[in-house]
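A.B. asks: Modelling step: build the complete structure from the supplied sequences, incorporating the hints.
There are 2 protein chains.
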Amino acid sequence: MIKTVLENKEKYQPGLSIDCVIFGFHDNQLKVLLMKTRYDDSWSLPGGFVPVDQDIDQAATTVLRNRTGLDGIFLRQFSTFGRVGRNSANLSKVVLDFYGITEEEGLWYSSRFVTVGYYALVDFFKSAPASDGKSGYAEWVDHNDVPNLIIDHKEILDKALETLRMELNQVPVGYNLLPEKFTVPELQKLYETILGKSLDRRNFLRKITAIGILEKLDEKKSNVAYKAPNLYRFDLEKYEEVLKNGITQGW
Amino acid sequence: MIKTVLENKEKYQPGLSIDCVIFGFHDNQLKVLLMKTRYDDSWSLPGGFVPVDQDIDQAATTVLRNRTGLDGIFLRQFSTFGRVGRNSANLSKVVLDFYGITEEEGLWYSSRFVTVGYYALVDFFKSAPASDGKSGYAEWVDHNDVPNLIIDHKEILDKALETLRMELNQVPVGYNLLPEKFTVPELQKLYETILGKSLDRRNFLRKITAIGILEKLDEKKSNVAYKAPNLYRFDLEKYEEVLKNGITQGW
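So the protein sequences, as listed, match chains A and B. Residues in the first sequence are numbered consecutively from 49, following the working numbering. Residues in the second sequence are numbered consecutively from 49, following the working numbering.
One should not assume that every hint holds.
A pair holds if it fits inside one copy or across any two, identical chains being indistinguishable in the list.
[Stated by the list, open to error] In the DSSO-like style, the derived pairs of lysine-lysine whose C-alpha atoms are separated by at most 30 Å in a straight line are:
| no. | residue 1 | residue 2 |
| --- | --- | --- |
| 1 | Lys292 | Lys245 |
| 2 | Lys182 | Lys57 |
| 3 | Lys84 | Lys59 |
| 4 | Lys79 | Lys229 |
| 5 | Lys255 | Lys286 |
| 6 | Lys255 | Lys269 |
| 7 | Lys141 | Lys84 |
| 8 | Lys237 | Lys292 |
| 9 | Lys269 | Lys202 |
| 10 | Lys202 | Lys79 |
| 11 | Lys292 | Lys207 |
| 12 | Lys255 | Lys207 |
| 13 | Lys174 | Lys255 |
| 14 | Lys79 | Lys255 |
Simulated from the structure, these hints should not be mistaken for laboratory data.
C.D. replies: In structure tokens form, the structure reads like this:
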């Protein structure tokens with residue numbers, strides 16, 4: 049994975065990296081995809097560099113696929129992080145030794161890297177990361193139980209979560225994260241899990257209904273002893289429309 | 049302004065630039081601040097490079113001050129643009145001649161520059177740009193009458209406007225853009241100008257009142273012959289609060 053100065057100079061945009069915050073939801077759990085290195089047990093976001101022949105959006109997809117095996121995920125750019133000295137000046141001896149490169153060969157990594165943050169929300173049950181790689185492996189970690197991360201990756205993760213929560217006010221969420229037919233309480237649980245707080249049942253029903261993306265089915269949830277709740281599915285045409293134009297009718 | 053390869057290599061982050069989209073509002077006009085070069089009459093957004101010893105947010109402020117003389121403006125980062133080949137491969141002969149540098153000295157500019165976009169909304173009447181510089185001058189241009197811009201600057205401008213319009217749904221706008229005391233129709237006109245469409249009067253009144261940032265004064269607008277409208281001012285404490293937490297109470 050790691051390359052020497054000269055190889056990198058030709059291949060990658062200098063001083064620029066990509067970091068991906070992949071949130072995974074399944075069965076009322078919100079997780080985040082992290083990388084654990086093999087050489088020093090540190091945790092980080094899946095990230096990498098920008099090939100000179102790739103647009104940054106494309107590079108983000110490539111980075112994610114190369115690092116984790118995940119493919120076909122729609123990544124949204126959310127913010128760029130570029131504080132002076134955000135990455136450490138030099139690669140540590142542990143890293144140099146691990147890759148068998150000299151200090152000079154590692155120099156390419158010593159300048160400031162400005163990093164473009166991308167995020168996505170997927171069903172982690174359907175999105176098993178490739179668990180193997182030379183430098184490390186990817187793992188789904190509960191978002192409430194995130195270990196120490198390298199550099200400013202915690203800040204990047206927090207900003208992504210803030211963006212995701214803000215996005216709940218702007219676009220519908222849920223398609224591909226819930227079963228095809230679901231109850232309103234199940235949808236509410238998704239929102240509560242992302243927001244990290246409980247919501248008023250009536251209020252939620254009123255607001256979610258007002259968006260107009262739910263189609264009430266003539267079916268009730270089975271296997272429920274008492275007062276079986278109604279099943280719904282997304283009206284995909286309206287869902288797409290609201291995804292495009294936003295939830296708020298605006299001004 | 050333009051420097052040779054070696055000077056730049058030491059001073060600036062390679063392959064990275066900043067572009068600022070400064071919207072100016074005054075008296076129902078929405079303008080945007082553009083730079084016109086002296087050597088080829090091309091128009092562009094005010095932009096520049098990122099000094100190695102500055103955070104990117106700080107560099108954005110520096111760029112804006114150096115290029116336009118505008119200072120003390122709060123810039124928000126909104127998106128980063130990094131398509132392959134977005135900037136042309138080499139400086140044109142006109143530019144090289146203008147600055148009196150050789151093609152080799154200009155090489156630093158020939159790689160892809162990934163650019164971080166920042167935007168702001170200010171009162172253009174209070175924010176007179178410095179009209180002078182070696183390479184060009186800054187000018188307020190009506191946002192409906194933007195000339196051809198270099199590279200992908202039109203795309204950057206459009207994305208900034210889209211972000212600004214989206215922001216109207218999230219945070220209050222108006223402080224520093226309207227007189228201290230204003231009427232609701234004046235505030236509505238501000239929203240209409242930014243959104244580029246007219247709004248229903250009653251609907252606007254209802255929505256803007258619901259946000260809770262307006263304080264109704266015991267005064268009417270003078271110099272109005274008939275049915276003088278009420279004057280309002282922003283309740284700054286609540287304004288700040290909503291600015292921090294967002295307009296929508298959310299879920």
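A.B. asks: All hints are to be evaluated individually against the structure, with a verdict given for each.
C.D. replies: Evaluation of the provided hints:
1. Lys292 <-> Lys245: both (27 Å within a copy, 19 Å between copies)
2. Lys182 <-> Lys57: within (22 Å within a copy, 34 Å between copies)
3. Lys84 <-> Lys59: within (25 Å within a copy, 35 Å between copies)
4. Lys79 <-> Lys229: Only inside one copy: Lys79 and Lys229 sit 23 Å apart there, 49 Å across copies, limit 30 Å.
5. Lys255 <-> Lys286: Close inside one copy (16 Å) and across copies (25 Å); limit 30 Å.
6. Lys255 <-> Lys269: Answer is within; shortest intra-copy Cα gap is 22 Å, inter-copy 38 Å.
7. Lys141 <-> Lys84: within (18 Å within a copy, 50 Å between copies)
8. Lys237 <-> Lys292: both (24 Å within a copy, 26 Å between copies)
9. Lys269 <-> Lys202: Close neither inside one copy (40 Å) nor across copies (51 Å); limit 30 Å.
10. Lys202 <-> Lys79: For Lys202 and Lys79, the Cα distance is within 30 Å only inside one copy (14 Å; across copies 38 Å).
11. Lys292 <-> Lys207: Answer is both: 23 Å inside a copy and 15 Å across each meet the 30 Å cutoff.
12. Lys255 <-> Lys207: So Lys255 and Lys207 pass the 30 Å test inside a copy (26 Å) and across (29 Å) alike.
13. Lys174 <-> Lys255: Answer is within: at 29 Å inside a copy they meet the 30 Å cutoff, but 42 Å across does not.
14. Lys79 <-> Lys255: within (26 Å within a copy, 37 Å between copies)
Comparing the model with each earlier hint shows a violation of hint 9 alone; every other hint is respected.
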